[in-house]
Amino acid sequence: MFRHALGVAAAGLLLLSSGVGTSSVAEAAVDTGGEHRTSPTSVRETRTLRVSSTADSLRAPESTTPGPTTFRVDTTAEDSGWIGLARLREGASWQRFRLALKRTLSSDPSKIVEGSAELNRSAELLGGVVIHPGEPGVFTQRLRTGSYVLFDYKDVVRTSEPRHAELVVSGTARGDVPRATATLVSRTVAGVGPRFEVHGTVRAGCPVRFVNRMDQQINEAVFFPVGQDVTRERLQSFFESFGDDGEFPANPPVDPSSGLGVLPLSSDESAVFQVPLKPGRYAVLTFIKDADDGVRLGTKGQYEIIHVE
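All residue numbers for the sequence shown refer to the UniProt record's numbering, where the first residue is 1 and numbers rise by one.
It should be emphasised that the hints constitute simulated quantities derived from the structure, not laboratory data.
Treat each hint with caution, since some may be false.
Straight-line C-alpha distance at most 25 angstroms; calculated SDA-like pairs for lysine to any residue [to be verified]:
(1) Lys-111 to Ser-241
(2) Lys-300 to Val-226
(3) Lys-300 to Arg-234
(4) Lys-111 to Leu-99
Just need the whole structure built from these sequences, with the hints factored in.
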């Protein structure tokens with residue numbers, strides 16, 4: 001699952017249970033900045049768009065209006081449920097974005113650096129979900145006027161014609177997003193390197209806000225349950241053990257199938273998400289690589305151990 005051949009070990013390991021698929025709109029939302037408020041009106045006015053993925057198609061509405069929008073995603077095929085959302089920058093095409101993202105997800109440092117720069121010029125990554133047949137997922141994004149695309153991360157790597165659906169957003173914005181109970185920030189600390197910071201308390205059954213404050217760098221946040229034997233030193237050793245071809249190390253300190261979190265966000269984007277975390281000890285990891293040199297952010301120390309209450 002985490003081989004480079006799948007292409008998205010670095011793009012997120014969000015494995016949603018059916019409980020997330022039945023969450024209310026208020027349980028999964030994103031915000032691109034500004035004040036955070038919760039009100040009955042904001043929930044009522046958040047529209048829902050259905051996205052259906054199969055082995056050979058991706059179906060979604062062609063247009064909607066600006067404001068908080070929930071994407072309810074389902075799939076009928078085991079290998080077609082890593083659905084992401086991106087906003088294309090003015091003048092950028094789907095093909096230009098696809099090629100840039102494909103290079104960003106490679107294991108070749110030169111391609112990663114080149115692809116990351118082009119990705120920042122062509123689009124904004126706005127999260128998404130990883131789902132399975134019978135286990136739909138939801139995510140909510142505050143949309144602005146413009147051109148968007150929904151796509152399957154796996155397809156971006158394995159085929160020259162990935163399944164995708166274009167979405168045009170126009171009209172008058174409305175609605176609001178819910179308040180999170182904790183904030184997880186991804187930032188670069190001067191003289192230290194990339195780090196995760198947690199503000200507040202992450203609680204089971206409550207939304208968490210993820211903020212990417214890294215400059216010109218996409219990033220994700222994936223939660224893995226761990227025991228007391230998993231330390232920062234062990235996590236550092238784990239990231240340093242990845243092969244040049246992206247091969248996932250043997251005997252990892254986390255169960256790869258247990259990851260829960262959000263797909264990549266571009267710089268200065270944020271997401272309020274809810275996944276079925278249980279009380280306990282977790283390692284928060286990213287498998288994304290540095291846009292400047294192609295080295296995994298985890299190798300540079302970007303991971304954190306937290307307690308979920």
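Right, here's what the structure says about each hint:
| no. | hint | in the structure |
| --- | --- | --- |
| 1 | Lys-111 to Ser-241 | holds (21 angstroms) |
| 2 | Lys-300 to Val-226 | holds (20 angstroms) |
| 3 | Lys-300 to Arg-234 | holds (14 angstroms) |
| 4 | Lys-111 to Leu-99 | holds (11 angstroms) |
Hint compliance for this structure: no hint is broken.
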